[in-house]
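Taking the hints into account, I'd like the entire structure generated from these sequences.
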Amino acid sequence: MSNLELGPIMRALLRNKVGAMLIALQIAVTMTIIVNAVFIIVERKSMMERESGLDEANTFYLTTTGFGNDFESKRVTREDLDLIRSTPGVVDAIQVNAIPMSGSGWSMGLTTTPGDEVESVGTANYMVDDHALNTYDAALVAGENFSFSDIRFRERNQSDWPDVAIITQALAKSLFPELSVDEVVGKTVYIGDNEPMIVKGIIDKLQAPWVGWNNLDHVTLTPEWMAFPSMRYLIRTEPGMRDTLMTSLEQTLANQYPNRIIRNVETITSTRDASYRQHSAMIKILTVTMVLLTLITALGIIGLASFNVNRRRKQIGTRRALGASKSAIIRYFMVENLIISLFGIVLGVGLTIGLNFMLIEWFAVKALDWYYIPAGVVLLFNVGQLAAFGPAFRAAKISPALATRTI
Amino acid sequence: MLKMNNLCKSFRTELVETHALRNFTFSVEEGDFVSVTGPSGSGKTTFLNIAGLLENHTSGSYLLDGIDVQTLSDKQRSNLRNEKIGFIFQSFNLIPDLDLFDNVDVPLRYRGLSRSERHQRIKESLERVGLANRMKHLPSQLSGGQQQRVAIARALAGKPRFLLADEPTGNLDSQMAKSVMSLLQEINQQGTTIVMVTHDPELAMQTSRNVFVRDGQISEAETILPLAAASNQ
Amino acid sequence: MFIYYMKLAIKSIRRNIWLSSLMVLAVALGIGACMTTITVNYMMSANPIPHKSDQLFYVQLDNWGPHFPFNDENEPPDQVTWRDANNLMQHDRFKQVAMGTSGGVIESDNREIKPFMAGIRLTYTTFFNLFEPPFLYGGPWQPTADKNSEQVVVLSKKTNQQVFGGENSVGRTLTIAGNRFRVVGVLDDYEPIPRFYDVTTGAFQSPEDVFMPLTLKLPLELGSSGNNSCWKDPDGDGFEGFLMSECINYQFWVQLDNAAEQEQYMSFLNAYVEEQKALGRFPRPLNNRISSVMEWMEIQEVVADDAQIMMWLAALFLLVCLLNTVGLLLSKYATRTADIALRRAIGAPKQAIFSQYITESALIGIIGGVLGLVLALAGIEAVKSMYGDFVSEHVAIDLTMVTVAIALAVISSVLAGCYPAYKACSVPPATQLRNQ
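Residue numbers (UniProt numbering), protein chains in the order written: chain A, 1 to 407; chain B, 1 to 233; chain C, 1 to 436.
These are calculated hints, taken from the structure and not from any lab test. Where a beta carbon is used, it is the ideal one built from N, C-alpha and C, also for glycine. Misleading hints may appear alongside valid ones.
Stated by the list, open to error - Simulated crosslink set (DSS-like; lysine-lysine; CA at most 30 Å straight-line):
(1) A:Lys326 - B:Lys3
(2) B:Lys178 - A:Lys397
(3) A:Lys314 - B:Lys84
(4) C:Lys277 - A:Lys74
(5) C:Lys350 - C:Lys11
(6) A:Lys17 - B:Lys136
(7) A:Lys173 - C:Lys232
(8) A:Lys326 - B:Lys178
(9) A:Lys205 - B:Lys3
(10) C:Lys232 - C:Lys277
(11) A:Lys17 - B:Lys84
Said to hold, decoys possible - Have a look at the derived ranges for each label pair, beta carbon to beta carbon:
(12) C:Lys350 - A:Met10: 27 to 35 Å
(13) C:Thr335 - B:Ser143: 47 to 55 Å
(14) A:Met10 - C:Glu301: 47 to 55 Å
Written as C-alpha cells, this is what we have:
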C-alpha cells in the first residue's frame, strides 16, 4: 500500500486543486452525459426491437382511391381481393382500414361492462376479413377465426360494430386481468361504452398503428369490408417476392379500373423505418456525441497530464535519482489520475442521477436502471487510465540524470 | 566502496562525439570524504551521474560495493540507488508540492518500508538537521540553507552507505554553506562515505581527499588536504 | 496595443500548435453541437406569425363525458365538434374561423393530367383574414360563399402548378372529390413553421393543397381526416348523424385585439356553453379556454422532447469542452511564467498581461466559433438526412444563428480564459529571472 503513495499524491493534489478539479469536473459531466445517453439509447433500441407480429420482410400495402360517382366500391373490393389472392407469390391479402406502425388509424375504448362510468381500455381497430390471421402472420392462441358469414360490409357513414371480434392476447390481459385466454373467449366486451361484441378468438401478437402509444399491443379485429372509396390492401408475399409484386400489382390494380388512383405503395420495412426514424436518429446523434465527448475528455486528460509531466520533469528526475523505478513513476501518474477520476466519478454519479431526475421531470424519460451507474464508473475509470498512460509512460522515460542538471 | 576502471563516457549528437570521461580510473574507500573539483565542463557532473547510477557509462567498469552496475536492469539500478546512495543536489530538488515530511518520505516509500519505520526515520533525520518542528511546512516556506538541510535529511533517512553531493553549497551564502559543510563532516565521521563535487577549492580542502578532473580525466596529484584533518580535531 | 496582443496571440498559438488545435477543436465541437441543436429548437419554437401571434387565440370547449376528462389534469379537448364549430360561427361579430380537414381526388379538365389525391382544408373565408396567407392570384372567397355553400376553391401554388401549369386560374374550374369547383384564388408560397393553425396531426406539415368552404362538408358529404375523437357514440345515423355527434374533429380560432375583447369573448363562450348545458350537452363543469398562438404551441408541445433533450446534452457537451479549454489554457500559460515575469519586470502592468492572455483566449474562441459554425452546418445536414421530414427541410442557419454561434464561442472562450489569464497576470515580476 505504501508503494502507492496515496497520501503524498493526495496532499500534492490538494496543493494544485484547480487543474485536478477541472479534470474531475470534466469527468463528472462526461459521465453524466454518457450514462444518460446510453440509457436513452438502450431504451430506444429496445423500443425499436418490439415485434409487430407481421411477417415484416414480406409484407407491403397500398392505398386505392376510387373517384367518380359510378365507382362501385363493394364490387371492386371483392374483385381486387380475388385478384390479389390468386396472384402467384401472394401468400394472402386483406382489405384493411389501417396498417400497424404506420401512424394513422382508428382507435376505440373497450369495457367489460356497459356504460360510461367505467374507464375503458384503448385499442386499435382493424377491419378485416377471415384472411387476416394468415396475412398478419398471427397465431390463434384461443377461440377461432372469423367465418366467412361473420363478414359484413361497413357503409361509409355506418357507426355500429359487428357482433364478434378477435383481440390480441395483450388486450385480453388488460380487459380481463384475472382470466386465462381460454376463459376470455366467448366473453362480451362493450365498444364505445355500450355496444356489445363477443370475443371470438385471441391472437398472439399484433401492433397498433402508433408506435408511441402506451397500448401498442392492443388490437381488435372486426369482421367487415369497407365500402369506402379509399381503402388499403395489406399483402403478404412469399419470401423474396415482395418487391416484384409491389410493382406488378400496382400496375395490375391500376389497369383494372380507370377511375382510381393507386398510391402509397409501401413496404412494412420502410413504414417501420419511417415510424422509428426519430428514434434511430436520436440513437445516432447520441452515439456520436458520446464518442466525441469521450475523445475530448480523454484528450483533455492527456493534455493536462502531459503538462503536469513537463512541469514536474525535475521532480521526476529527482524521484528517479532517489530510487524510483520507471514503473514507480508510471504508477505515480496512474494513481494520481485514479484519485482525480474518483472525485470526478463520485460527483458524476450524483450529477448523472440528477440529470436523470430532470429528464424524468421534464421529458418522457424513464428512471435509470441502477446498473448503468457502475457501468459508467468502470467506463470513466478506464478512459482516465487509458488517457493517463501515455503521459505517464513519457514521464518514466525522463532520465534520473535530470536531477543534477541546474535549470 | 566505489571502483571505476578505465571508465569512458561519450555523448553522440548528430555531428560530433564528445568524450565526457576518458579512461577514468578512480576508487573510493569506505569512510572516505572525497571532493571532486575541476573547471566547468571538465566532466565532474558526468562523473557524479555515473557514480550515482543516474547514467550509464560507455565502456570500462564501475563496481559499486563490489557490484558491476553495467549489467543491472533499470529496476535493479533504482533499488541500488535507493538503498545505498544518498543524493544532495545543488538546487536541493525538494518537491514543491510536498511538505518536509512527505519530501523526506519519498525515498523511503520506494524502499517499501513499513509506516511506523518510515515515520520514525523521517522524524529522526529531520531532528538531526534541526527541522523536526517544521515537518508540515512546504519547501517554499524555508530559507535556502534550511531547504538543503531537508535535502540532507532526505538523503540520511535512507541510511545510505554512500552520499553523493553535487555542489551542496552552490546556492547558499557562506554562513549557510558553513553549517551545511559541518553537517556533512559530522555525517562522514559517523561512517558514511561521501563524494562531493564542487568547484570551490576552499570546500575541497575540508575533505579528506581531493581529486581534480580536467577534460574528463583525473589528475590526482594533490590528494592530501591537511586542513580537513585539522578541522576535524 | 490590441494589434500587438493579437500578434502575440497568433505567435503563441503557432508555437504550441498541437495544444492550440486541441483547444480550437474542443471549442468548435462544443459550439457545433450546441448550434446544431439550438437551430433545430429555434426552428421548432419559431413564431409562425409574429405580428399577430398575441391576437390570435385557439378556442377549446369542454364537451367531454361526465366521468373522465379528455386528458389528465382536466384538460379540455384539443378540438371542437361540428355542431359547436357551426354554432359559434353564426356569431359573426367576432373574427372567428372554424376548420377541418378532408381529402379527395383532383381531376383536371385536361385529361392528360393524371388525377391525384389532394389534402383539403375546409374552412371559412375568415381563414385568409386571420392568418394572412399571401395570394398569387385572386383572393379569398366571399362571405356569401360560406353562407350559401358555394363550390369555390383557393388553390395552393403547387396545386395550381399541377392542374393549370401555374397560370392565373381564377375563374377556371376543376373537379375535386367528384364535384365541380370554381377557382377564386391561388396562394403564393405559404409555409408557416410550425403549421400553427392546425397542429393536431403534427406541427410540421405543409399546408393543404386546396382550401374550400367548410359549409360544403355536409351537402357534398366530404369525408373527415385528422384526429377524430369521441367520448360517446353518435346518436343519429348516417353522415349527418356522425357530424352532429360529440366527436371532435375541428379547429377553432378567434382574433381578439385587446384584453377587453378577450374578456368579452370568454363571457360569450361561457354563455354559449351554459346555453348548451340547458340543452343537455356539456356535462362537465365550465372549462373553456383560449390560448394565444405561442401558448397553444407550448400546450401542444410542438418542440419535440428529443430536440430539447439534445439541446441540453449539447449544452453540457459545451461545458465539458470549456472545462477542457480552461485546463489546457492553464497548462499553456503556466509554461509561460518566465516570459510573463520578464514582461512584468520590464514594466508591463498586470492589466496588460491579462489583456494579452485574454486576447489569446478570444482568438481561440473566434477560430473555434468559425470552425464550430462549419461543424454546425455539417451537423444540420446530418440531422436533415437522418430525419428526412418536413422539420429538417426547414432547418437552416440564418444570420441570427451565425451571430449567436460566434458570440457564444467568443463569450465562452473568454470566460474560459479568465481564470488562466488571471493566474498568468498574478505571476510576480523578476523572481523568475533566476534559474528554475
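To see whether the hints hold, each was checked on the structure:
1. A:Lys326 - B:Lys3: holds, 26 Å
2. B:Lys178 - A:Lys397: violated, 37 Å
3. A:Lys314 - B:Lys84: Since the Cα atoms of Lys314 of chain A and Lys84 of chain B sit roughly 22 Å apart, the hinted pair holds (cutoff 30 Å).
4. C:Lys277 - A:Lys74: violated, 42 Å
5. C:Lys350 - C:Lys11: holds, 20 Å
6. A:Lys17 - B:Lys136: Between Lys17 of chain A and Lys136 of chain B the Cα gap is close to 18 Å, so the pair holds against 30 Å.
7. A:Lys173 - C:Lys232: Answer holds: Lys173 of chain A to Lys232 of chain C is near 24 Å, not above 30 Å.
8. A:Lys326 - B:Lys178: With Cα atoms ~36 Å apart, Lys326 of chain A and Lys178 of chain B exceed 30 Å; violated.
9. A:Lys205 - B:Lys3: At roughly 89 Å apart (the allowed maximum being 30 Å), Lys3 of chain B and Lys205 of chain A break the hint.
10. C:Lys232 - C:Lys277: It holds: about 17 Å lies between the C-alpha atoms, which stays within 30 Å.
11. A:Lys17 - B:Lys84: violated, 36 Å
12. C:Lys350 - A:Met10: 27 to 35 Å: holds, 33 Å
13. C:Thr335 - B:Ser143: 47 to 55 Å: With a Cβ separation near 28 Å, Thr335 of chain C and Ser143 of chain B fall outside 47 to 55 Å, so the hint is violated.
14. A:Met10 - C:Glu301: 47 to 55 Å: holds, 49 Å
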